[in-house]
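Number of protein chains: 2
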Amino acid sequence: MLVNGESQDTIAIMDRGFQYGDGLFETIEIHSSKPLFLEQHLARLVLGCQKLLIPKPDLVLLRNEIAQLSSNAGSAVLKIIITRGEGGRGYRQPDSIQSTRILSLHPFPHYPENYYSEGISARFCETRLGLSPLLAGVKHLNRLEQVLARAEWGSDEFQEGLMLDIEQHVIEGTMTNLFYVKNGILYTAPITHCGIAGIIRAWIMTQYLVVEDYFSMETLLQSDEIFVCNSIIGIWGIRELVNRHYSIGNMTQTLQHALLCEKQKQVAYENV
Amino acid sequence: MLVNGESQDTIAIMDRGFQYGDGLFETIEIHSSKPLFLEQHLARLVLGCQKLLIPKPDLVLLRNEIAQLSSNAGSAVLKIIITRGEGGRGYRQPDSIQSTRILSLHPFPHYPENYYSEGISARFCETRLGLSPLLAGVKHLNRLEQVLARAEWGSDEFQEGLMLDIEQHVIEGTMTNLFYVKNGILYTAPITHCGIAGIIRAWIMTQYLVVEDYFSMETLLQSDEIFVCNSIIGIWGIRELVNRHYSIGNMTQTLQHALLCEKQKQVAYENV
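Residue numbers (the working numbering), protein chains in the order written: chain A, 1 to 272; chain B, 1001 to 1272.
With the rest of the complex left out, here is chain A (with noise of 0.2 Å):
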């Protein structure tokens, strides 16, 4: 782990990351020791910055540190993390924020192929997202909701856990965002009141046209195709939902291989 560039694995208490949950962070695959999506990351990062009034970080620095730690990775998941940086005991910030940066590395999670070729099995969760139109959208460090989420199930009978809003909107998962199919056409719940906009969440609008807008967990069952997606796992089909079967449909095949088909791009083409 590099923290502001020296190899450490702790961080000042003070630390408003630590005492505020005050930064943000993201998770990259590292594929052939190459960062994917990178600027898609680098993109969001600093607008997250720029949404937490927190400085951006030094993107040749940190591109330098991501070069560094990918290198001789081989399959990994970088995780960067930027906090508003140490301060005092209260919530003003300091009149001179020298924010935190740090880099880790961890090993790639390889799960079982099956999750990727005949779908996923997923259940509801009753822990809802709170609406905070301001932090909405952004990865930040503040990740209550989740975390309590994917402590309603410990086993690996599930594989995620959809959540909905306390309007009762179905809007993603506990760390993907979710799409359906319905007559060919592709939704995905908005992510102007809670929720990520994730990097594959992006992508995938990049290549369908999809429409925006809030679902209920009724019209979510009874979608032809429900598909997952993160920067880790890619694209998982969902089979089963609330003992309802879904088949791994035609457009969320087409996403999977168009996936595979930019990630393959980017390991061969792209430097860092």
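It is possible that part of the hints are untrue.
Claimed, not checked - Only pairs whose alpha carbons sit at most 25 Å apart, straight line, appear in this in silico DSS-like list of lysine-lysine:
{"#": "1", "chain 1": "B", "residue 1": "Lys1139", "chain 2": "B", "residue 2": "Lys1051"}
{"#": "2", "chain 1": "A", "residue 1": "Lys139", "chain 2": "B", "residue 2": "Lys1139"}
{"#": "3", "chain 1": "A", "residue 1": "Lys51", "chain 2": "B", "residue 2": "Lys1139"}
{"#": "4", "chain 1": "A", "residue 1": "Lys139", "chain 2": "B", "residue 2": "Lys1051"}
What the hints assert, rightly or not - Simulated DEER-style distance windows between Cβ atoms:
{"#": "5", "chain 1": "B", "residue 1": "Gln1050", "chain 2": "A", "residue 2": "Ser32", "range": "30 to 38 Å"}
{"#": "6", "chain 1": "A", "residue 1": "Ile185", "chain 2": "B", "residue 2": "Val1242", "range": "26 to 34 Å"}
{"#": "7", "chain 1": "B", "residue 1": "Val1046", "chain 2": "A", "residue 2": "Tyr214", "range": "36 to 44 Å"}
{"#": "8", "chain 1": "B", "residue 1": "Leu1105", "chain 2": "A", "residue 2": "Glu118", "range": "55 to 63 Å"}
{"#": "9", "chain 1": "B", "residue 1": "Ala1043", "chain 2": "A", "residue 2": "Lys56", "range": "40 to 48 Å"}
{"#": "10", "chain 1": "A", "residue 1": "Ala67", "chain 2": "B", "residue 2": "Ser1096", "range": "31 to 39 Å"}
{"#": "11", "chain 1": "B", "residue 1": "Leu1053", "chain 2": "A", "residue 2": "Glu6", "range": "29 to 37 Å"}
{"#": "12", "chain 1": "B", "residue 1": "Asn1064", "chain 2": "A", "residue 2": "Gly88", "range": "32 to 40 Å"}
What the hints assert, rightly or not - On the chain B side, residues computed to face chain A include the following (Cβ under 7 Å):
{"#": "13", "residue": "Leu1002"}
{"#": "14", "residue": "Asn1004"}
{"#": "15", "residue": "Ile1011"}
{"#": "16", "residue": "Phe1018"}
{"#": "17", "residue": "Leu1105"}
{"#": "18", "residue": "His1106"}
{"#": "19", "residue": "Thr1174"}
Since the hints were derived computationally from the structure, they do not count as laboratory data. C-beta: ideal position from N, C-alpha, C; glycine also.
With chain A held as given, fit chain B onto it using these hints.
Okay, now just chain B, sitting in the frame of chain A:
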């Protein structure tokens, strides 16, 4: 600072308090080397742990450490943080949770005497409180909304900012709970959808019958007395809000006096 009983000022990066704001805290006034409202703070801490599914800390250990830090502290602020402890990457909590316990002592902020005697100047914040019934009341580590609200003004022109929820109900201050008096009746907002269930708020509700109901900016501005409270400042009347002026009225002064008496009683008679 004490981390699980050891003197240190850093925390593991993989502590979930840092990764996800996965924990909660208490801020306790130490007066004449005695922690005030200690039982109430401990009770709220335990309740918060229950709500967040974090194993409650060993209270004997915790009390010993509180006594250790406060015994020669004179006038100070003691902050206690409990997190879900270290874990791997991802929201799923470890099968065996070893919570992290952090105690830190901070200088008591000696505010100008006239904040107490003559009241403060307050403003309304643009930042709204999101609605999250599950987390409401808990003094958890997901505090980005308060951080962003406090960042709206930098100067000492205002001593507190009042926050509305996304439905435009006035709820509380960035670091305080909020009460108003109208025709001799005391009002405060419910803490069921957002906000923190403050210790002094709860104490005030043992002194007077308080109507817990939502209210608007207009209702607040047309009230007879307004005050804010927390464990460190005690009770401050608001003398100016949106260019309107208020006197520090009878109920505010009566509660200020009663709170001083209560604190003196605790210092004189109670032991940790």
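query: Holds or violated: are the alpha carbons of Lys51 of chain A and Lys1139 of chain B at most 25 Å from each other?
result: Given pair Lys51 of chain A, Lys1139 of chain B holds - Cα atoms ~24 Å apart, limit 25 Å.
Q. Do the numbers back the hint for Asn1004 of chain B, that is, is its least Cβ distance to chain A under 7 Å?
A. Because about 12 Å separates Asn1004 of chain B from the closest Cβ in chain A, which is outside the 7 Å limit, the hint is violated.
May I ask you to test the interface hint for Ile1011 of chain B with respect to chain A, counting a Cβ-Cβ separation under 7 Å as satisfied?
5 Å, holds
Legend entry - Pairwise beta carbon distance, Leu1105 of chain B to Glu118 of chain A, judged against the given window 55 to 63 Å: This hint holds: roughly 56 Å between Cβ atoms.
**Request:** Closer than 7 Å between Cβ atoms is the bar; does Leu1002 of chain B clear it against chain A? Give me holds or violated.
**Result:** Result: violated, 10 Å to nearest chain A Cβ.
- Does the Cβ pair Asn1064 of chain B, Gly88 of chain A satisfy 32 to 40 Å? With a Cβ separation near 27 Å, Asn1064 of chain B and Gly88 of chain A fall outside 32 to 40 Å, so the hint is violated.
Original post:
Holds or violated: 26 to 34 Å for the Cβ distance of Ile185 of chain A and Val1242 of chain B?
Top reply: The hint (26 to 34 Å, Cβ to Cβ) is violated, given that Ile185 of chain A and Val1242 of chain B are roughly 48 Å apart.
Honestly, do Ala67 of chain A and Ser1096 of chain B meet the 31 to 39 Å range at C-beta?
-> About 37 Å separates the Cβ atoms of Ala67 of chain A and Ser1096 of chain B, which means 31 to 39 Å holds.
Are Leu1053 of chain B and Glu6 of chain A spaced within 29 to 37 Å by their CB atoms?
-> For Glu6 of chain A against Leu1053 of chain B, whose Cβ atoms are near 34 Å apart, the range 29 to 37 Å holds.
For this session: Hold the hint about Thr1174 of chain B up to the distance rule: shortest CB distance to chain A must be less than 7 Å.
Result: OK, holds: Thr1174 of chain B within 7 Å of chain A, min 6 Å.
Original post:
Falls inside 40 to 48 Å, the C-beta gap from Ala1043 of chain B to Lys56 of chain A?
Top reply: With Cβ atoms ~42 Å apart, the hint holds.
- Does the Cβ-Cβ separation between Val1046 of chain B and Tyr214 of chain A fall within 36 to 44 Å? 38 Å, holds
Of the hints listed earlier, those the structure fails to meet are numbers 5, 6, 12, 13, 14, 17, in rising order.
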